[in-house]
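S.K.: Throw the hints in and build the complete structure from the sequences for me.
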Amino acid sequence: MTFVFGSGGVLFLVEPAITNYGDGLWYAFVTSTTVGYGDLLAVTLIGRITSVFLTIYGLIFFGCLSAVIINYYTDLNKERGEDK
1 MTFVFGSGGV LFLVEPAITN YGDGLWYAFV TSTTVGYGDL LAVTLIGRIT
51 SVFLTIYGLI FFGCLSAVII NYYTDLNKER GEDK
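Residue numbers for the sequence shown follow the UniProt record's numbering, beginning at 1 and rising by one.
Check the hints yourself; a few may be wrong.
If you anchor each label on the Cβ, the simulated ranges turn out as follows [stated by the list, open to error]:
| # | residue 1 | residue 2 | range |
| --- | --- | --- | --- |
| 1 | 63 | 41 | 22 to 28 Å |
| 2 | 37 | 9 | 17 to 23 Å |
| 3 | 80 | 48 | 45 to 51 Å |
| 4 | 73 | 45 | 41 to 47 Å |
| 5 | 35 | 64 | 16 to 22 Å |
| 6 | 44 | 79 | 19 to 25 Å |
| 7 | 45 | 76 | 44 to 50 Å |
| 8 | 34 | 74 | 22 to 28 Å |
Simulated from the structure, these hints should not be mistaken for lab results.
Ideal Cβ positions, reconstructed from N, Cα and C, are used throughout, including at glycine.
M.R.: This is the structure in structure tokens:
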């Protein structure tokens with residue numbers, strides 16, 4: 001999550017359309033979750049590279065989060081003897 005907050009600051013500094021840190025954080029969050037509303041766009045090279053890394057980060061983070069949750073419930077079912 002530190003990467004998302006840091007990226008929000010970077011985007012605020014380099015992107016002309018992102019006029020405050022809140023907008024930078026919003027863009028970073030929307031990009032990392034792969035929602036992509038399109039209300040803000042990265043137009044600079046650094047902004048676009050940051051966007052690519054945010055997307056990759058989001059895919060890895062939420063993929064791992066899903067795996068941890070599934071593993072937890074699988075282990076819980078094994079402990080209860082419900083695994084068939």
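S.K.: Indicate, hint by hint, whether the structure satisfies it.
M.R.: Here is what the structure says about each hint:
no.: 1; hint: 63 with 41: 22 to 28 Å; in the structure: 26 Å, holds
no.: 2; hint: 37 with 9: 17 to 23 Å; in the structure: 20 Å, holds
no.: 3; hint: 80 with 48: 45 to 51 Å; in the structure: 49 Å, holds
no.: 4; hint: 73 with 45: 41 to 47 Å; in the structure: 43 Å, holds
no.: 5; hint: 35 with 64: 16 to 22 Å; in the structure: 19 Å, holds
no.: 6; hint: 44 with 79: 19 to 25 Å; in the structure: 52 Å, violated
no.: 7; hint: 45 with 76: 44 to 50 Å; in the structure: 47 Å, holds
no.: 8; hint: 34 with 74: 22 to 28 Å; in the structure: 26 Å, holds
Checked against the numbered hints above, the structure violates only hint 6.
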